[in-house]
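Visitor: Work out the full structure, taking the sequences as your base and the hints as a guide.
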Amino acid sequence: MVAKGASRKNLHDRPAKGPNTSGDGCLHFAEGMVMVAMAIGFAYTGVANDKPPYTIGGAVVAVLLFVGTIAVVRTDRYDKHSESAGEARADLMWKPAHYCPACEAVFCPGDTPWRGVLAPEQFKRLVWRSAGYEHLLPAGDKAKTAEIPEGTISTA
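1 is the number of the first residue of the sequence shown in the working numbering; add one for each residue after it.
Check before you lean on any hint, since a few could be wrong.
What the hints assert, rightly or not - FRET-style restraints, in silico, Cβ to Cβ: (1) A102 x V72: 36 to 46 Å; (2) E150 x P96: 12 to 22 Å; (3) R115 x A139: 47 to 57 Å; (4) L64 x L27: 13 to 23 Å; (5) R115 x A88: 17 to 27 Å; (6) D50 x Y78: 36 to 46 Å; (7) R115 x Y78: 31 to 41 Å; (8) V34 x A88: 33 to 43 Å; (9) M33 x H135: 51 to 61 Å.
In case anyone wonders, no lab produced these hints; they're calculated from the structure.
Cβ coordinates follow ideal geometry from the N, Cα and C atoms, glycine included.
Guide: This is the structure we're talking about:
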């Protein structure tokens, strides 16, 4: 359940436990291959009509699209792997945490495994950093620049 006013303040996803990698590698591969097929069709049109620029252009575009598709699929797989590898570490920080909608803050009763009161963005960065996928924070996310106070994590 989303707290009253949470949608207005976008609080329901501010302290997100992890990236929402959907593992769309198969879909991205299919989309890429459709575009590659279209470029090959363009090249074939050049061959059939004896137009070398169409042939060369279509072949170059097909190769570039194929390489780009493979790069996107590999990135999807890497992101999904990062998310699943850090899920247990994220749970260690996430599960004991409590969110107070009245003060818009996150805290951990008993100060274990972390202590203090954090803004949702600070908490999100703490969890994502602990899980090892801080690099997946999207551009423009306030958590990317949020400072985690000194002493939040016990080093003893």
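Visitor: None of the hints should be skipped; say for each whether it holds.
Guide: The hints, checked one at a time:
1. Between A102 and V72, the C-beta spacing of about 43 Å keeps the proposed range 36 to 46 Å intact.
2. Distance hint check: the CB atoms of E150 and P96 are about 21 Å apart, consistent with the given range 12 to 22 Å.
3. About 30 Å separates the C-beta atoms of R115 and A139, a value inconsistent with the hinted range of 47 to 57 Å.
4. The given range of 13 to 23 Å is respected by L64 and L27, whose C-beta atoms sit roughly 20 Å from each other.
5. For R115 paired with A88, a C-beta distance near 21 Å keeps the hint of 17 to 27 Å intact.
6. A hinted range of 36 to 46 Å for the beta carbons of D50 and Y78 is consistent with their spacing of about 44 Å.
7. Hint check: R115 to Y78, Cβ distance near 33 Å, so the stated range 31 to 41 Å holds.
8. For V34 and A88, the Cβ-Cβ distance of about 37 Å falls inside the hinted range of 33 to 43 Å, so the restraint holds.
9. One distance hint, 51 to 61 Å for the beta-carbon pair M33 and H135, is violated here, with the actual separation near 28 Å.
Of the numbered hints stated above, those contradicted by the structure are hints 3, 9, listed in ascending order.
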